[in-house]
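Student: Make the full structure from the sequences, and use the hints.
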Amino acid sequence: MKKTKSEKNLIEFGDDIVKQIGKGKGPVITLPVRALSNVTFDKKSRTLVLGNKEAQRIFFNVAHAKKFLQTAEVASVIKKELLGSGKHEHLRGIFYMTKRTIPGTKVNLVDDQVESDKAIEDLEVITGLSREQLHVSANKMGSMVGNLVVEDNKDTIDCSKLGRGGYSIPSITDELIFKKVNAKYVLYMEKASTFERLVEDKFWSKNNAIIVTSQGQTTRGIRRLLQRLYEEKNLPIYVLVDNDPWGVYIYSVIRYGSIALAHASERLTIPGVKFLGISCDDIVKYDLKKHLIKFTDQDAVRLKQIAEYEWFKDNKDWQRQFKMMKENNAKVEIQALSAKGISFISDTYLPTKIKNKEFLD
Amino acid sequence: MVKTKAEELALEQREISVAAFFEKNRHLLGFDNPLRALSTTVKELVDNSLDACEEMKVLPEIKVEVRQVNENRFVVSVQDNGPGIVKEQIPKVFAKLLYGSKFFRMQQGRGQQGIGVSASVLYGQLTTGKPAKIISKIGKGKPAHYYELRIDIHKNEPEIVKDDIVNFELDHGTRVEIELEGKYQKGRQSVEEYLKQAAIANPHLNLIYVSPLKEKINFPRVVNNLPKEPKAIKPHPYGVEIGVLLRMSKGTKAKTIQSFFEKEFSRVSNNVAKEICDKAKVDLKLDPKEINHDQAEALINAIKNTKISSPPLNCLSPIGEEALLKGLQKEIKADFYAAVTRRPSVYRGFPFQVEAAVCFGGELSTNNEELVRVIRFANKVPLQYQQSACAITRSVINTSWRNYGLSQSKSALPSGPVVILVHIASVWVPFTSEAKEAIAHYPEIIKEIKLALQEVGRKIGGYIRKTVKAREQAERANLFEKYIPELSSALSNLTNEKKNKIEEGLNKILKKSMKDILAGVDKEIVEEVKNKVSPVKEEAKKSKKEVQAKLK
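Going down the list, the protein sequences come from chains A and B.
For reference, each letter of the first sequence is one residue, going 1 to 361 in the working numbering.
For reference, each letter of the second sequence is one residue, going 1 to 552 in the working numbering.
Hint data in this document are derived by calculation from the structure and do not stem from the laboratory.
From a predicted model like this one, the values you see are computed outputs, not experimental measurements.
Keep in mind that the hints are not guaranteed to be accurate.
[Unchecked claim] Heads up, simulated EDC-like pairs for lysine to aspartate or glutamate below, C-alpha to C-alpha not over 16 Å straight-line:
hint	chain 1	residue 1	chain 2	residue 2
1	A	25	B	503
2	A	19	B	504
3	A	25	B	504
Tutor: Printed below as a string of structure tokens:
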């Protein structure tokens, strides 16, 4: 059977260690440091990328030995159980596949899922393979509705005929095949309740849009899906979030990447994504002042931090937004638009914004 | 004629004999429950035997037997090779409370008041009605007298039930048999435990014990010479209270108050006696029998304000470091022992001396997490009860054992596989009660105990550090040995290289560079660790969490 790229990379990782042992050297794994100290904003690609600081993991060192073993064990399990059979496993499953007590000791190979998760992230940077390429999935938390047909695990799904729930976006979206896409843009929103509003109002069909939401953080799967729609199908991506620092950060991650996943920026970031709302100008224009919710101390601190991010620092439009946000010292949620009428968002707000290209870059 | 109430009451008012008093207050003497009564009886008899043998300067050979008669009735018999007791004294020694040779002596000894043995006799009599049986012989060719004795509770006088002459196996010695109500149980406060501790503090003792279960236990002698004989001393003025002073002044043969002080007290010279009298404004030539209460009070105050040198300290008889170690080694199988005998010191005019010892590991290692055991001794007698009320326990708690590698919670005993032993020797041990189970909290005594504990603490600390380091190194080596097969099979799965070949290679490297590996943490790790906790990363982590929290 022909070996896939993922298998080859894992074998290469193992071979390197075996070679060191053969030479009588205590085995060492060298890997980039995955910490803020080694994350920089690359001005050219305008994304967060990993620097070139490297750390060594030494097997014959009490402090490293267990981590070393965990990394090797996870690699072995993935190669043997997943890549060999073409199956996928959840992070939690990997944890259980590696969890056991080392014979003759009271030590567990992994005590907590965090440890196997870390080992997988390490393998990503060591082998240059993404978690998805290693056939490891995470919780899926998101839905999609729109005029598109995808093929997933050999099933064909028409995302326009899935009722109120929509298509449940899988954890790994690399292998989705876009059979037919007939949409003008993709609208991503942080609130599932807004998504439900738009589905009920048939917004996506009236405006020929694909709408996507996630419950919580934007998962890797969704980020990858948005990136693919942007790159492969040339669709504009609009982001709809609350008017507060946390909303801005969701946009920021989709666009520039995050520290934790800086090593995967290339596969996840979307430089052309547009911030649709809610902007501070919207608050004035749609008279949302009376729906302001006062900032907590944390909100204010976070705003200050975000305003100082390298990629926002020299952006006049954004600095103007941050200044207004600071003056308001309060936030506005997307749902505040319902005060103007239950379908105000579908009938007026979104179509107007998109028609007038009222975006922030 | 009608009697007044006071006259009526007067008919009921009478002298209470000590025996009658202790009948009602048996707890004061350590007979509060059947379990304790049994061990107290053994204790009183053994203590007496030891004192007797030491006075005669013979190495003690003691036989103890506890026989069960029925469910809650026992016969305790203790036999020693001491000097014996002359015939006329036998009834008084065993069947009259507060009769003894030791009360008026300022000398270190096990018994002090002369209650112990007769209290046991009284207790046996009260609970079973049976008399105590005594055999005593004072020398070769002399008859062995056999007595059966009871105490007349109202008069506190012996009542002779039987007086006979019998055969006795030894040339000299005493055998006492008391039947009493009791309860037999193993454990911390058992007869066995008492004997075991007595054997530790008296390594010159050879003792054979036969338990109610007919087990025969030997506590062998490991030291072949007697401890230094304690010397009797005269009282020191600093330790004298007004009542004692008045009593002594009535009983003295001295003709003047000045010579009274000189003769009856230690460390009082002619000049010091004069200084005391002058300060008290008492005539030097006064007959001591004539002094009144006010003068006595003035004298006591004068004593407090007069500089008098410390009492002679050579009167004490400690166990000694070497004997302590030997005693511990034979009764407790540990990995490490340390003992220290402090120099004598003084509280309230009474000389006293503190000894401390520790043992660590070995058979104690089964209770690594438990609190340490403290075994306490006063004048070589184990103290088994009232641990928490004792100055020794307080001192152990107040010593910071963490400095010496043991874990210890606040206001608690330390924990670990350790036994801590403390012994106080004194001409007058200040007990909190007549049951003689807890030592009073005199600051001078607590200070000395703490100093002794710190000294043994330092010794044990050094040992613990060494063993802990060695253990950590062994654990490290062990860790890699266990990890190697795991890593080998993982790598074998990854690469198709044979598992045992990888394992062999790794084992070779481990063996070769064992020293460096065991030495510990490399520099690189330190750097990596530093990176991990950079404040900015923390901030980023926090904000990520907050986003999640918000969206939920």
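Student: Hint by hint, which ones does this structure get wrong, listed from lowest number up?
Tutor: Structure breaks no hint.
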